[in-house]
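Protein chains: 2
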Amino acid sequence: MRHHRISAETVRRLPVYLNALLLSLQQGKNISSSELAAVVGINPLQIRKDFSYFGGFGIRGVGYNIEKLIKQIKKILKLDAQHQAALVGAGNLGSAVLAYPGFAVYGFQIAAAYDNDPTKIGKTINNITIEDAANIKSLKKKNIKIGIITVPRLASQSTANALVDAGVTGILNFSPCRLTVPKKVKVITINIATDLARLPFYMPGAKK
Amino acid sequence: MRHHRISAETVRRLPVYLNALLLSLQQGKNISSSELAAVVGINPLQIRKDFSYFGGFGIRGVGYNIEKLIKQIKKILKLDAQHQAALVGAGNLGSAVLAYPGFAVYGFQIAAAYDNDPTKIGKTINNITIEDAANIKSLKKKNIKIGIITVPRLASQSTANALVDAGVTGILNFSPCRLTVPKKVKVITINIATDLARLPFYMPGAKK
Chain G
28 MRHHRISAET VRRLPVYLNA LLLSLQQGKN ISSSELAAVV GINPLQIRKD FSYFGGFGIR
88 GVGYNIEKLI KQIKKILKLD AQHQAALVGA GNLGSAVLAY PGFAVYGFQI AAAYDNDPTK
148 IGKTINNITI EDAANIKSLK KKNIKIGIIT VPRLASQSTA NALVDAGVTG ILNFSPCRLT
208 VPKKVKVITI NIATDLARLP FYMPGAKK
Chain E
28 MRHHRISAET VRRLPVYLNA LLLSLQQGKN ISSSELAAVV GINPLQIRKD FSYFGGFGIR
88 GVGYNIEKLI KQIKKILKLD AQHQAALVGA GNLGSAVLAY PGFAVYGFQI AAAYDNDPTK
148 IGKTINNITI EDAANIKSLK KKNIKIGIIT VPRLASQSTA NALVDAGVTG ILNFSPCRLT
208 VPKKVKVITI NIATDLARLP FYMPGAKK
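Protein sequence lines correspond, in order, to chains G and E.
All you need for my numbering is the position in the first sequence, starting with 1, plus 27.
All you need for my numbering is the position in the second sequence, starting with 1, plus 27.
What the hints contain is simulated information worked out from the structure, not anything from laboratory work.
Please note that a few of the clues may not be correct.
Because identical chains cannot be distinguished in the list, a pair is counted as satisfied if it fits within a single copy or across any two copies.
Subject to a maximum C-alpha distance of 30 Å in a straight line, what follows is the list of computed BS3-like cross-link-like pairs (lysine-lysine) [claimed, not checked]: (1) 167 with 95; (2) 147 with 164; (3) 211 with 56; (4) 76 with 213; (5) 95 with 147; (6) 210 with 150; (7) 167 with 76; (8) 95 with 213.
Build the full structure now, drawing on both the sequences and the hints.
Listed below in structure tokens is the structure:
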């Protein structure tokens, strides 16, 4: 299977489907593409098109073979193994991310956290003890390849550099700025304002 | 113009384009669809298709008329007016959202914040004084139609109910759970785990 032919937009939707499918499996029921569409708020035609990339599995009127579909999506997204991540920046945002309950469903675990503020180093949040940011280089030994950046905007590029030097190849960036990294490193930037920005479109009379 | 024909997926991408276009305008330069594609990480064909919904504005080899495009996207997204929002839940996540610097570019301003914790009520974060959550109903008088929910998961539905009762018609929800609201109310749920979940796909050797 040639996964690299899957578009970035499909890759963006697969985790959303996966989340809904895992919930549906938990509840022990099948789900049709139109039911899935209603749950995730994505056009059923789009869903069928996305699933056609890897073979379909849908039987009209019956729904998808959920377990097979979950297994396949996990394989494509490389989520069929556990992933450990390191977080840098244990302020308000970092503390919230450390306590976020939604990662485990995808097999993620935040296994290390760093800050450069002496008042934060040594504190424990959600069973993770904050370490000195000077120790980020020890991620290499820990074989942690995912970094989560929750530092202030001005510190985000130097944090990215430190993570890359420590062997990190995937970064989830919460700073509202563009990071410069080597080509082999993937950065996904979360901009919560872009989500807020599509809200008025759907609101009645939101415009003056 | 029939905006309701714009797909949810296009609406999801428009704020991303808008952000890049505003930056480009600030730097005083034109941008072609392929340059824009590189900046936002979306296929140029997709971008041209999205823009064709509202007329195009692109001249091959020259790029888009940025100012016209920005004006048009803002109009479609109803971002051509300022929007005020109220935040509920001034814990770590709420404090981080209150301090988030990325909202102003889209014309959003968080104008009120609430919590039910007496130790938080009266405190000021980013010039906003935290009010008692019992006062959420006063949003009606303030004519604030957008709510941001950053309370713990178990309190999210009752918070949504209170916001809807106060006349809110758009909710940005950070709790990893589904909210039940009247049909006229639009909820956008931010799940940061779904963004993390597409990172391994792009990482070399991320799978064991």
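Each hint tested on the structure:
1. In this assembly of identical chains, the alpha carbons of residue 167 and residue 95 never lie at most 30 Å apart, being 35 Å within a copy and 48 Å across copies at closest.
2. For a Cα distance limit of 30 Å, the shortest separation of residue 147 from residue 164 inside one copy, 19 Å, qualifies, whereas the shortest one across copies, 37 Å, does not.
3. In this homomeric assembly, residue 211 and residue 56 come within 30 Å of each other (Cα to Cα) only across copies, at 29 Å, whereas the closest approach inside a single copy is 40 Å.
4. When the C-alpha separation of residue 76 and residue 213 is checked against a cutoff of 30 Å, the pair qualifies both within a copy, at 26 Å, and between copies, at 26 Å.
5. In this homomeric assembly, residue 95 and residue 147 never come within 30 Å of each other (Cα to Cα): the closest approach is 44 Å inside a single copy and 48 Å across copies.
6. In the homo-oligomer, the alpha carbons of residue 210 and residue 150 never lie at most 30 Å apart, since the shortest distance is 35 Å inside one protomer and 44 Å across protomers.
7. In this assembly of identical chains, the alpha carbons of residue 167 and residue 76 never lie at most 30 Å apart, being 40 Å within a copy and 43 Å across copies at closest.
8. Taking the shortest alpha-carbon separations for residue 95 and residue 213, only the intra-copy value of 28 Å comes in at or below 30 Å, while the best inter-copy value is 33 Å.
Consistency with the previously given hints fails for numbers 1, 5, 6, 7, ordered from lowest to highest.
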